[in-house]
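Engineer: Residue numbering for the sequence shown is 73 to 558, as defined by the numbering used here.
Since the hints were derived computationally from the structure, they do not count as laboratory data.
Beta carbons are placed, not taken as given, at the ideal position from N, Cα and C, and that holds for glycine.
Any given hint could be a false lead.
Claimed, not checked - Calculated pairs, DSS-like style, for lysine-lysine (alpha carbon to alpha carbon, straight line, at most 25 Å):
| id | residue 1 | residue 2 |
| --- | --- | --- |
| 1 | Lys137 | Lys335 |
| 2 | Lys321 | Lys135 |
| 3 | Lys398 | Lys137 |
| 4 | Lys290 | Lys398 |
| 5 | Lys321 | Lys290 |
| 6 | Lys328 | Lys350 |
| 7 | Lys494 | Lys137 |
| 8 | Lys477 | Lys290 |
| 9 | Lys137 | Lys350 |
| 10 | Lys335 | Lys350 |
| 11 | Lys477 | Lys135 |
| 12 | Lys335 | Lys321 |
| 13 | Lys135 | Lys328 |
As the list claims (entries may be wrong) - Cβ pair distances, simulated, as ranges:
| id | residue 1 | residue 2 | range |
| --- | --- | --- | --- |
| 14 | Pro448 | Val540 | 25 to 35 Å |
| 15 | Ala351 | Glu402 | 50 to 60 Å |
| 16 | Arg541 | Thr108 | 23 to 33 Å |
| 17 | Ser204 | Asp226 | 25 to 35 Å |
| 18 | Glu422 | Glu173 | 42 to 52 Å |
| 19 | Ser342 | Arg190 | 22 to 32 Å |
| 20 | Glu118 | Ser368 | 13 to 23 Å |
| 21 | Ser368 | Ser136 | 31 to 41 Å |
| 22 | Glu402 | Gly254 | 36 to 46 Å |
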Amino acid sequence: MTIEARPPLSVRVLDATVTHTPTVFDDTSLLPVDPTTVSVLSHRIEGADLAAPPVVLPDFHHKSKMELPSSVAVATTGTIRPDLTSSSVNCGMALIAVDSEVPDDRAIDTFIRAVRERYPYPTQGTRELSRSEVVRAVKDGSEFSVDRWGAPADDLERIEEGGRLELERYGGIDRLQSELPGVAFQLARYRFGTVGPSNHFVELQRVEEILDPERAAKLGVTEGQLTIQYHGGGGVLTGEIGRLFFRRKDYPRQIKAVNAALKPWFHLRSAKSFAQLKARLNLYFTDGCTPLELASDEGQRLMLATAAAMNYGFAFRTATYAALRKIAAETFGAATGRLVVDSPHNSIYEEPVGHSTAVIHRHNSCRAFPAGMMTPGTTFAETGQAVLLPGTHRTSSYLAVAGDKAAASLYSACHGAGTVVKDLVTRGISANDPLGRRTRRYRYDDGAPTDAFHFDDRGVDAALDVLVRNGLVMPVARMRPVAVLH
Numbered sequence: 073m074t075i076e077a078r079p080p081l082s083v084r085v086l087d088a089t090v091t092h093t094p095t096v097f098d099d100t101s102l103l104p105v106d107p108t109t110v111s112v113l114s115h116r117i118e119g120a121d122l123a124a125p126p127v128v129l130p131d132f133h134h135k136s137k138m139e140l141p142s143s144v145a146v147a148t149t150g151t152i153r154p155d156l157t158s159s160s161v162n163c164g165m166a167l168i169a170v171d172s173e174v175p176d177d178r179a180i181d182t183f184i185r186a187v188r189e190r191y192p193y194p195t196q197g198t199r200e201l202s203r204s205e206v207v208r209a210v211k212d213g214s215e216f217s218v219d220r221w222g223a224p225a226d227d228l229e230r231i232e233e234g235g236r237l238e239l240e241r242y243g244g245i246d247r248l249q250s251e252l253p254g255v256a257f258q259l260a261r262y263r264f265g266t267v268g269p270s271n272h273f274v275e276l277q278r279v280e281e282i283l284d285p286e287r288a289a290k291l292g293v294t295e296g297q298l299t300i301q302y303h304g305g306g307g308v309l310t311g312e313i314g315r316l317f318f319r320r321k322d323y324p325r326q327i328k329a330v331n332a333a334l335k336p337w338f339h340l341r342s343a344k345s346f347a348q349l350k351a352r353l354n355l356y357f358t359d360g361c362t363p364l365e366l367a368s369d370e371g372q373r374l375m376l377a378t379a380a381a382m383n384y385g386f387a388f389r390t391a392t393y394a395a396l397r398k399i400a401a402e403t404f405g406a407a408t409g410r411l412v413v414d415s416p417h418n419s420i421y422e423e424p425v426g427h428s429t430a431v432i433h434r435h436n437s438c439r440a441f442p443a444g445m446m447t448p449g450t451t452f453a454e455t456g457q458a459v460l461l462p463g464t465h466r467t468s469s470y471l472a473v474a475g476d477k478a479a480a481s482l483y484s485a486c487h488g489a490g491t492v493v494k495d496l497v498t499r500g501i502s503a504n505d506p507l508g509r510r511t512r513r514y515r516y517d518d519g520a521p522t523d524a525f526h527f528d529d530r531g532v533d534a535a536l537d538v539l540v541r542n543g544l545v546m547p548v549a550r551m552r553p554v555a556v557l558h
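Generate coordinates for the entire structure from the input sequences, incorporating the hints supplied.
Structural biologist: Dropping the structure here:
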């Protein structure tokens, strides 16, 4: 199933009657791609207006509640296909470099307790935003959170797209407000910035090894330093919008109940003719995800909603950054924290492919633009876009930057190596850390932390090796977990 990785084709519609073999980045001996999961991907994109072969990255696996396998990127020439990413866009990860060495256990206890108090779980129904602030978050993205919570404005350059997508190209905030029911804005006032349990986490790490001193210095990372890595979703509004257009497999009961009222209001009340009403009934109130033409009114409406959800997600995670930065300063002796990178891994963008533009759908994969594609004058224009490759709370994680051959993967990299780590442990290829290191593991209750003993790094190293050998990323630093809240 593996083929030689190659640059994507210039944008053109590939023959939809032919099955196009994905461009697969794997290791046939250590990380062989699962052909059954590849078949799921091929079936999902059958007949699509592909601009290039779909990309399969390390950590490729299929969650039962998702339409598409994880760790993929798909480019289409003229349609938007929401089922090629998550139902909630702008779930992402970020890394903070703290001007401090790793603190002692007592200070870590204090930090974790403060995080749980700021963002308790289960959430307590506290309204974090006013309705007008929700509108600002949707319109201005991370810029709103910089103003509202005092995150450094200089750090906006470390957030993808500067933390803000322009809505005017798709109809603007006025159109969104006129069509999206007010209750959607009201519900988005809650849980803003919350991280929560499951695979989302807040992790304290020590920078154990610098692999590229020049780029590490530019990114603000030094050996022995404390870093905070966190994984957070895009928030309430992204989940609402992601399920307003199509019926998704991942459909939590509470969102389904809300959308029973929101969805007819959003789609049917704003229809301008009986023909449009009928078309929307067929599009949005039947099973599946019908592709929408990007240039059509419905396509532009979907892109507007998606961009608005992305902005809300950027604002959401920037608020989390501001809170964690403040707590770290209060806990670790006035230590200053600066954002290294904030990177979404579920997104739909219009991006360059070959000599034209395509719609790039990423599902649990992150963007990796080389230095020449970044905004001049920014740090990433010197280093390349920073990319995070987390392992698990029992292995190292990596900070990297986009490589010179990232075009071969549609400028994408896998967003983690958790399944790779698990698979290699299960197969007996990876074992316990020979040095017996451990992570202090905290939960969202008052229980004492437990020790999670580390594995060796063979899993995360194997995933990184695939990316490096193919020129998709260049490693900058390796971090080892010290404590985690999840």
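Engineer: Look at each hint and say if it fits the structure.
Structural biologist: These are the hints, each one checked on the structure:
| no. | hint | result |
| --- | --- | --- |
| 1 | Lys137 x Lys335 | 21 Å, holds |
| 2 | Lys321 x Lys135 | 11 Å, holds |
| 3 | Lys398 x Lys137 | 36 Å, violated |
| 4 | Lys290 x Lys398 | 23 Å, holds |
| 5 | Lys321 x Lys290 | 42 Å, violated |
| 6 | Lys328 x Lys350 | 22 Å, holds |
| 7 | Lys494 x Lys137 | 20 Å, holds |
| 8 | Lys477 x Lys290 | 22 Å, holds |
| 9 | Lys137 x Lys350 | 29 Å, violated |
| 10 | Lys335 x Lys350 | 14 Å, holds |
| 11 | Lys477 x Lys135 | 29 Å, violated |
| 12 | Lys335 x Lys321 | 16 Å, holds |
| 13 | Lys135 x Lys328 | 20 Å, holds |
| 14 | Pro448 x Val540: 25 to 35 Å | 27 Å, holds |
| 15 | Ala351 x Glu402: 50 to 60 Å | 54 Å, holds |
| 16 | Arg541 x Thr108: 23 to 33 Å | 25 Å, holds |
| 17 | Ser204 x Asp226: 25 to 35 Å | 26 Å, holds |
| 18 | Glu422 x Glu173: 42 to 52 Å | 43 Å, holds |
| 19 | Ser342 x Arg190: 22 to 32 Å | 38 Å, violated |
| 20 | Glu118 x Ser368: 13 to 23 Å | 22 Å, holds |
| 21 | Ser368 x Ser136: 31 to 41 Å | 32 Å, holds |
| 22 | Glu402 x Gly254: 36 to 46 Å | 37 Å, holds |
Consistency note: the structure conflicts with the earlier hints numbered 3, 5, 9, 11, 19.
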